[in-house]
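Novice: Order-wise, the sequence lines are chains Z and F. When you line the first sequence up against the numbering used here, it's residues 4 to 126, in that order. When you line the second sequence up against the numbering used here, it's residues 148 to 388, in that order.
These are computed hints drawn from the structure, not numbers from a lab. Note that the structure is predicted; figures quoted are calculated from it, not measured. Just so it is clear, CB atoms sit at the ideal spot from N, CA and C, and this is done for glycine as well. Check each hint, because a few of them may be wrong.
[Stated by the list, open to error] Derived, one-sided and incomplete: chain Z residues facing chain F with beta-carbon distance under 8 Å:
#1 I9
#2 A20
#3 G39
#4 S41
#5 P53
#6 A72
#7 G94
#8 M99
#9 A104
[Stated by the list, open to error] A few chain F residues facing chain Z, derived, Cβ under 7 Å:
#10 V191
#11 C208
#12 L215
#13 I254
#14 W261
#15 I267
#16 V295
#17 V312
#18 L327
#19 L349
[Stated by the list, open to error] Where chain F lies over chain Z, by a calculated footprint (3+ residues, C-beta under 8 Å):
#20 23-36
#21 55-67
#22 81-89
Below, each chain spelled out in residue letters.
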Amino acid sequence: MARSPINNLKENEGIAALIFLILCTLLAFKISPGVGTSNLAPAVPHATAPWIFGPFQVLLLYLPPWLGALAVPALIIIGLAGVPWAAHYWGDKWGMRIFSALFSLVLILLFWFMVKELWWTRL
Amino acid sequence: MKDSKETETSVQRPILMSDHDQKEKLSPVHKLEGNSRNNFINHVRPRFISERVLSVFYTFCLGGLSFLAFLMLGITGILLMFHYQPGASSGYSSVLTIGSVIPYGYIIRNLHYWSAQIMIVTVNLHMVRVVWTHSYKPPRQLNWLVGVGLLVLVLVLDFTGYLLVGSQESGAAATVAANLLKQIPGLGTALAQIALGEPSALSGSTLVVYVWHCAVLPLAMLWLQLYHFWRIRRDGGVRPL
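With the rest of the complex left out, here is chain F:
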């Protein structure tokens, strides 16, 4: 009896109701939970959730898994920073050192690599799920734009990570990227310098790329993700089909 009562009150009606109706008839999810841990977990959810979307097979946790991958990338990335040295000659050799000399270095690097690869997949599948459930519809357009921005940031982070390996292939990629940016009239040359520094044709690892990859882009991404979550809470999350 107690459980059925909890079901009635903790699972809310669709968000399609007006805000006034929601306040009058429904209780916020987080108020119904008994301890602070649950309150925190519920706090990242919208205030009102349709019972129909309370299934793991509706969202497949793809947004949450993408964030988990981001956290793993942050932790393993910080550990890699202890031993990585950017530079045309030092980048590649420090990657080899991490992989073969540093204790557990290869595991940390492999975790960093695979988290990044899986994150690309989960982010794309998350976007497909959002479109499939029409969860970009008003009032969620701004959050959709934030999501597209996050997708671009993920791709740029992945690219800069590839450059930091410092191999010949990364040098070729950096050269192609620099030449492409230089195609932009007026701004191109300066933009290439700002984005990539002065990569050699044989190594894409530069201090500029390193700072973008380890500081600027992750911080921008973290801020956008927190804003993304806040918008989900404010605008509502997944729409019921």
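Isolated chain Z (complex conformation):
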């Protein structure tokens, strides 16, 4: 007996929500996030950013602050915001290319940060 696709989709969405909640709960029970260094302790020589802001930290290492942490992120956000219009005026492929370039740049910087800050500095 055929099932209604919309009902089938809703059931699958419910299952996805349950999996999500179980995953969060398991992570919460098994892995406690760090609380960093107490401000009463001796000053730490080098602070590592949370992984989400790793790309910023890498940019700040090599570029002047105004460029690395203001201009480049602003350009990335503006570039993302402009994807529909790029696709409209220059063609579908350009929308995809611009998005891929910006997203790849962030991912490369994130990988760079993870190798440099989280791996090399802890060896």
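Chain Z is fixed; fit chain F onto it per the hints.
Specialist: Just chain F now, kept in the frame of chain Z:
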């Protein structure tokens, strides 16, 4: 026989048809469901959905999971607010108290943390999916902009949450952020004060950051998300490949 009829009527043709054609030939999804619970769940969907996108493997529920993470963050955040005290010295100690003294405090804090981390991942994957399916195309450009705005808000919320831990690392992050904002000519110093208050170099936890993190940014995000959903219903959701 009944099921096949339901399939024909409840699953609609692509949204590429004109609005007039849709009204003439197709029935709205929510009218076909039998009870109010289903009506509510269907109400967040576009009025007409292509049968080809009615698969969980087409969207991977990433938008919905991001919203679920947001709800979890709201609930656990409110519970954390009962015991968290912002401040250069009180922020860090109250985080330790929540983690070690308050009953179930560490679970609530861990849930808050992991929901936030997973939300970053689901939001980014959601954006990749939207681009992959070209779902930013007209008439959905405005909703794409709303989505980019939500992405920025998620990042800012995550940053302010990191500052509220009140550790030395958060103090360093707040100092860097304040110095960066001060680079903006004319507005910078005032902007740093408005955004961060007066963080010390050893703790990023301030009352200003706390209010941004617990009230202003979540409310702005909730409003934008509701608008995002409304635009999906109005402009159409995912496009079939």
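Novice: If a hint holds in the structure, say so; if it does not, say that too.
Specialist: Hints, verified against the model:
1. I9: holds (5 Å)
2. A20: holds (6 Å)
3. G39: This hint holds: G39 (chain Z) lies near chain F, its Cβ roughly 3 Å from the closest one there, short of 8 Å.
4. S41: holds (6 Å)
5. P53: holds (5 Å)
6. A72: At 5 Å from the nearest chain F Cβ, A72 (chain Z) passes the 8 Å test, so the hint holds.
7. G94: violated (12 Å)
8. M99: Cβ of M99 (chain Z) sits 6 Å from chain F, so the hint holds.
9. A104: violated (12 Å)
10. V191: Interface hint status for V191 (chain F): violated (11 Å vs cutoff 7 Å).
11. C208: holds (4 Å)
12. L215: holds (6 Å)
13. I254: For I254 (chain F), the interface hint holds, since the closest Cβ of chain Z sits about 6 Å away, which is under 7 Å.
14. W261: Cβ of W261 (chain F) sits 4 Å from chain Z, so the hint holds.
15. I267: Check passed: Cβ of I267 (chain F) comes within 6 Å of chain Z, closer than 7 Å.
16. V295: holds (5 Å)
17. V312: holds (6 Å)
18. L327: holds (5 Å)
19. L349: holds (4 Å)
20. 23-36: holds (count 11)
21. 55-67: holds (count 3)
22. 81-89: With 5 residues in contact (Cβ-Cβ under 8 Å with chain F), the coverage given for the stretch 81-89 of chain Z holds.
Hint violations for this structure: numbers 7, 9, 10, all remaining hints satisfied.
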